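Chains P and A are the protein sequences, given in the same order. The first sequence begins at 7 in the numbering used here and counts up one residue at a time. The second sequence begins at 16 in the numbering used here and counts up one residue at a time.
Calculated from the structure, these hints are not laboratory results. One should not assume that every hint holds.
[Unchecked claim] Quick list of in silico lysine-lysine cross-link-like pairs, DSS-like style, CA-CA up to 30 Å:
no.	chain 1	residue 1	chain 2	residue 2
1	A	K233	P	K76
2	A	K202	A	K185
3	P	K83	A	K210
4	P	K265	P	K237
5	P	K33	A	K233
6	A	K233	P	K237
7	P	K600	A	K233
8	P	K33	A	K225
9	P	K76	A	K159
10	P	K83	P	K237
11	P	K153	P	K403
12	A	K179	P	K33
13	P	K265	P	K326
14	A	K233	P	K83
15	A	K185	P	K33
16	P	K33	A	K202
17	A	K179	A	K159
18	A	K219	P	K33
19	P	K76	A	K141
20	A	K210	P	K33
21	P	K83	A	K159
22	A	K202	A	K225
23	A	K141	P	K83
24	P	K33	A	K65
25	P	K703	P	K600
Model, not experiment: these values are computed from the prediction.
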Amino acid sequence: MKINRRHFLALGMGATAGTMLSPLPWKLTDDASIWTQNWAWTPVPEIGESYYAGGACTLCPGGCSLSVRKVGTRVVKIEGNEESPINTGDLCGVGISATQLLYGPSRIEGPMIRAGKRGEGKWRRLSWEGAEAQLAEKLSALSGSKKSVVALSASKQGSVALLIQRLLAAVGSDRFLTLPSVHDTLEAAMALTMGREPGEGVGFDTENTDLILSLGSSVAEGWGSPVRMVKTAAAKTMIQVEPRLSTTASMADIWVPAKPGTEGVFALSVAAAMIQEKLYDHLFVATATEGFDAFSAWLLENYTPKKAEAVTGVSPALVKKVAVAFAGARRPVAICGRGKGDTPISLAEALSVFALNALKGSVQRDGGLVKVGAIPYTLAMAETDDLGAKLAAVTEKGRTELLMDWGTNPFYTLATSQEAADALAAIPTIISFSPYMDETAAMADLILPDHTHLEKIQDVPVRAGLERPLVTLAQPAVDPVMTTKHTGEMLISVGKELDADAFPWDDYESYLEESCGEMWEALSEGGLWQGDIAWKRGLERMLGTSDRFTFVIPEGPVFLSANGDASRYPLTLVPRSSLRISSGAVADAPFTMKTIEDTVLLKGVSLVEMNPVTAKEAGLHEGDTATLTTSFGMVPVKVTLFDGVMPGVVALSKGLGHTAFDEYIGGKGSSYTALSGAMVDSATGFNCTWGARASLKRG
Amino acid sequence: MSLTGEKQTGREQTGSSGGPEEKGASGVVALFFIVGLAASLAIGWIVFPKLLYSKSEQPFDFSHVTHADAVGDCESCHFFREDGSYAGVPTLEQCIECHEEVQGESEAERVFVEEYVAEGREVPWKSYSRQPDCVFFSHAAHVKGAQMECAECHGDIGESESLKPYEENKLTGYSRDIWGSNISGMKENSWDRMKMEDCGACHKETMGSKGACFQCHK
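For reference, chain P alone in the conformation it holds in the complex (with noise of 0.2 Å):
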């Protein structure tokens, strides 16, 4: 017999059936559909039981409360804390990554020297006790040469702020510095309109308004504290000025696209139109004010609408429309500061935006711009006097001798220009404080890196426009998972070598207890203290004598100009606000970055938006890649075309281009903040950048 082609084709038809008629091939489909939704290396929850651990975000200065879930010793969860009046049970996508960066390959594991040439990422490890000795050392070293040495401090106020203050007091400095937000502009408007007293704050009484008038503030987008300012956005009436029609834009009632930087003339071309169609609160102004009539002839001579329009480029009607829905609405309140408010405005537009709010009755009033009483410290710190000025210093060549960083990342965040990147590297010692290997960190010659927000306790007042002083506390939901050490610890212990009459106590928490005071039980009972509302309401306040508010009229420009020769730069380019993109010191957790748009960032590159009319007249496309240019840096984006954005102006993404962190981190985009440069307020001394004339050319 001779066994051919048909008696193979008769095994193999035999196998076949063989196999259909067996469990094999519909077993292994099974088997092979739960292995894809099981790969081995996903990460998964150890099992046992779950519990929460309380604690305080510090990631923005929204002031959130977190509940942490955890599953033996290992956090697997960030919500919200449901008992925070902040944030209600919510958080945020940053919040919620949080994880990533405890557990993340960008935390530094202890303290460390530079080995290799700066920047080079080359370090030897240090005991704790030998790195204090080396910063004891270099502090001392430089004690001589007063005000050289400078801190950056990510608090304004609190336990560690004050013991990085003394620490400068004890090498005879006065530069303690903070990164300067829209408050530091609004506490200034303050102290001129209303009376400051030392520690007093602005807030916004968002939760008792019926309209925000919100000038350019990113409102749904990370302003304030964005889980209560997302959830405002939604509820109540919004007229949204601001050049692009951003998310809070496309949520607003009425959205008004004025002019990049415009909007603190905006506001004063509706407060002049208020006043032409006497729709002023005559009865407030009459009682509680001073100054109008100066500040009216002024506002009338230089601002009406009519005026006005020439900078803004809006039409004398649309400001009368907001002027009649501001006025008509019972209690409406205007906010200010661009974007997420991290970046200052003029004295001169806060002003301009008080008198606006002044006009309507709308300050120290349920629903209006309100005074925040001090937080009730038992040990008083100083404010940094002429703290614009001192903060440029940090980027000027030769002024600092040592620099010392807790959680600013100045590298990232002051580094406006190629020209003061360069000044900061050349600042001959650099001292990090950092948990994570930031910007500022990887440039460092030593780091004495610090317990991340999860690992514990500190209190963190919140400077967030609320309406209230408060206060909550970082708890640690774990014990540190690297050699890290809590920087009020190690500011205690470095500080007795310097002074020790200026750090008596034995450890950070008997200090912090001690300097909370009054406040101490309930943030030890609860995480949270919240003092009283610092205004009249209701019958008192008719009765009362309120706190009189004078109009003042600004003087330095409301609007900066942008830098740059606009035959060489013919675009503006702004900053984008997302709230998935954390535009602070600290950046985006891995699974962040992965939520972000392909119309922000697409393979590691970042996207400009522009209208389509001015790509067509500069010849680009979507998906085009250029190479968009300021005076102060040159970065490769990708051009996304969208209506939205006013013809003439360029939005980028503030937040990405990180140098440092990790490889899921790092190098993703272009940072806005380097190219953003400085537009200096010569009332403050700060820099109010709001954008920078810019070009876009393909390639």
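Use these hints to put chain A onto chain P, whose structure you have.
Same frame as chain P, but now just chain A:
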């Protein structure tokens, strides 16, 4: 050349159907078919399951009967926590309540106390009934909410004298009990397998609907 003068076709040359030689050839072809069929059936039904699953023993033996007699019911050890979540396999903390010292003379007891209790080490029990991680399952919803008996899903495990070997699916890493011991997927009892269809069938029967995807696949 034929007498009729007709030309032979190729087909005729190879013989017409029905001849004895032809029948023999077909039989061989059929035989090959049967061999292929039988071999693949044997592979599919007998060899494949042996290859797919690996067998291992539990860290030491355990009698549910002895414990049920001593403590009374399932929930004494397999309890619900205060927050309503199900504790699953008991941890050392619960076992130590009775087993701080060696009780009785069994080898399993000796191993447990010496190797785990004394050293404070959790017993790495292999769970027969754990669903894959892509499945969300709440004991509270079924036992507390729907008042189901443990045995409806877990069968007579509570009456076992000793622990059966644990069979792990080499591909997915999950217990054989999810698919069921019968490789064909057939079942006699409600607890014989716990695949999605089984969940769906019970939900359909008791609630009128299989439910939505995201109820279990979050």
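Consistency of the hints with the structure:
For the proposed pair K233(A) and K76(P), the alpha carbon gap of about 19 Å is at most 30 Å, so the pair holds. The hinted pair formed by K202(A) and K185(A) meets the criterion: a straight-line CA distance of about 22 Å does not exceed 30 Å. A threshold of 30 Å between alpha carbons decides the hint, and for K83(P) with K210(A) the separation of about 29 Å falls inside it, so the pair holds. Annotation: proposed proximity of K265(P) to K237(P) holds, straight-line Cα distance about 27 Å (limit 30 Å).
A C-alpha spacing of about 24 Å is found between K33(P) and K233(A), which places the hinted pair at or below 30 Å, so the restraint holds. Restraint check for K233(A) and K237(P): the C-alpha separation of about 26 Å stays at or below 30 Å, so the hint holds. The straight-line distance between the Cα atoms of K600(P) and K233(A) is roughly 19 Å, inside the 30 Å bound, and the hint therefore holds. A hinted pair counts as satisfied when its Cα atoms are at most 30 Å apart, and K33(P) with K225(A) qualifies at roughly 22 Å.
Of the pairs offered as hints, the one joining K76(P) and K159(A) holds, with about 24 Å between alpha carbons and a cut-off of 30 Å not exceeded. This hinted pair checks out: K83(P) and K237(P) have alpha carbons roughly 23 Å apart, not beyond 30 Å. With a CA separation close to 14 Å, the supplied pair K153(P) and K403(P) stays within the 30 Å bound. At roughly 23 Å between alpha-carbon atoms, K179(A) and K33(P) fall within 30 Å of each other, so this suggested pair holds.
The hinted pair formed by K265(P) and K326(P) meets the criterion: a straight-line CA distance of about 17 Å does not exceed 30 Å. A distance of roughly 15 Å separates the Cα atoms of K233(A) and K83(P); the hinted pair therefore holds under the 30 Å criterion. Taken as a hint, the K185(A) and K33(P) pair is honoured in the structure, with Cα atoms around 13 Å apart against an allowance of 30 Å. Our distance criterion of 30 Å between C-alpha atoms is met by K33(P) and K202(A), whose separation comes to about 15 Å.
For a cut-off of 30 Å, the pair hint linking K179(A) to K159(A) stands: about 28 Å separates their Cα positions. Distance hint between K219(A) and K33(P) is fulfilled; the C-alpha atoms sit about 24 Å from each other, no more than 30 Å. Restraint check: the Cα-Cα separation between K76(P) and K141(A) comes to about 23 Å, which is no more than 30 Å; the hinted pair holds. With a C-alpha separation of about 12 Å, the suggested pairing of K210(A) with K33(P) holds against the 30 Å cut-off.
At roughly 26 Å between alpha-carbon atoms, K83(P) and K159(A) fall within 30 Å of each other, so this suggested pair holds. Between K202(A) and K225(A), the direct Cα distance comes to roughly 19 Å. Compliance with the 30 Å bound is thereby established for this hinted pair. At roughly 26 Å between alpha-carbon atoms, K141(A) and K83(P) fall within 30 Å of each other, so this suggested pair holds. Of the pairs offered as hints, the one joining K33(P) and K65(A) holds, with about 13 Å between alpha carbons and a cut-off of 30 Å not exceeded.
Straight-line distance between C-alpha atoms of K703(P) and K600(P) comes to about 28 Å, which keeps the hinted pair within the 30 Å bound.
The structure meets every hint from the earlier list without exception.
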